[in-house]
Amino acid sequence: DAGVIQSPRHEVTEMGQEVTLRCKPISGHNSLFWYRQTMMRGLELLIYFNNNVPIDDSGMPEDRFSAKMPNASFSTLKIQPSEPRDSAVYFCASSLGRRAQNTEAFFGQGTRLTVV
Amino acid sequence: DAKTTQPTSMDCAEGRAANLPCNHSTISGNEYVYWYRQIHSQGPQYIIHGLKNNETNEMASLIITEDRKSSTLILPHATLRDTAVYYCIVVSGTYKYIFGTGTRLKVLA
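In order, the protein sequence lines correspond to chains X and W.
My numbering numbers the first residue of the first sequence as 250 and each following residue consecutively.
My numbering numbers the first residue of the second sequence as 1052 and each following residue consecutively.
One chain only, chain X, in its complex shape (with noise of 0.2 Å):
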């Protein structure tokens, strides 16, 4: 399996300006997460989904910001408009299982966004 897979790797836009960010999960996982990293936040997960429903998107920063899981295989995280303090990585990471009791999590590679 080749993994969590995320695209674009690197992402730069205009203030104001729509950015959507996708993520493959690992054949088989029914659990994925979108998780925000920045140097003075650190990792912060801002949404998970079980079975394609999202679970709790309490993380979620304000109504900007959008995730969808419109099948297994599939997820976006759409943000618009975006803000030059949506700078940041963004990380998909999928799971086996509803539980993390026993089960670790898999991250993709990220996508670096930019908003000037």
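Source of the hints: derived by calculation from the structure; they are not laboratory data.
Certain hints may be false.
Mimicking DSSO-like on lysine-lysine, the simulated pairs with C-alpha atoms at most 30 Å apart in a straight line are [to be verified]: (1) W:Lys1157 - W:Lys1054; (2) X:Lys327 - W:Lys1147; (3) W:Lys1120 - W:Lys1157; (4) W:Lys1103 - W:Lys1120; (5) X:Lys273 - W:Lys1147; (6) X:Lys273 - X:Lys327; (7) W:Lys1103 - W:Lys1157; (8) X:Lys317 - W:Lys1103.
Dock chain W against chain X, hints included.
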């Protein structure tokens, strides 16, 4: 989920064992201890996890104290490629992996 405390940074000589401590004094009976590492802004990489017993795999060993209030990750023969930020995470029956600030390990030639 229980909070963890780790030293901010550590150095280790290449070829020597790296021992990374983690304090999780508020851990409860059903919570696992997980270790991840992040190399130079790559995605975090799973290392090892355990509940009560010591664990070993091809990457590392995990020593958990009998009272489970602390643990130590051991990299038996550290190499330059082990330079990374190491995160100790306590996970209950929820889905959340909450990352703290971790320990920045620098392996010196």
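Ascending list of hint numbers which this structure does not respect: Those not satisfied come down to hint 8.
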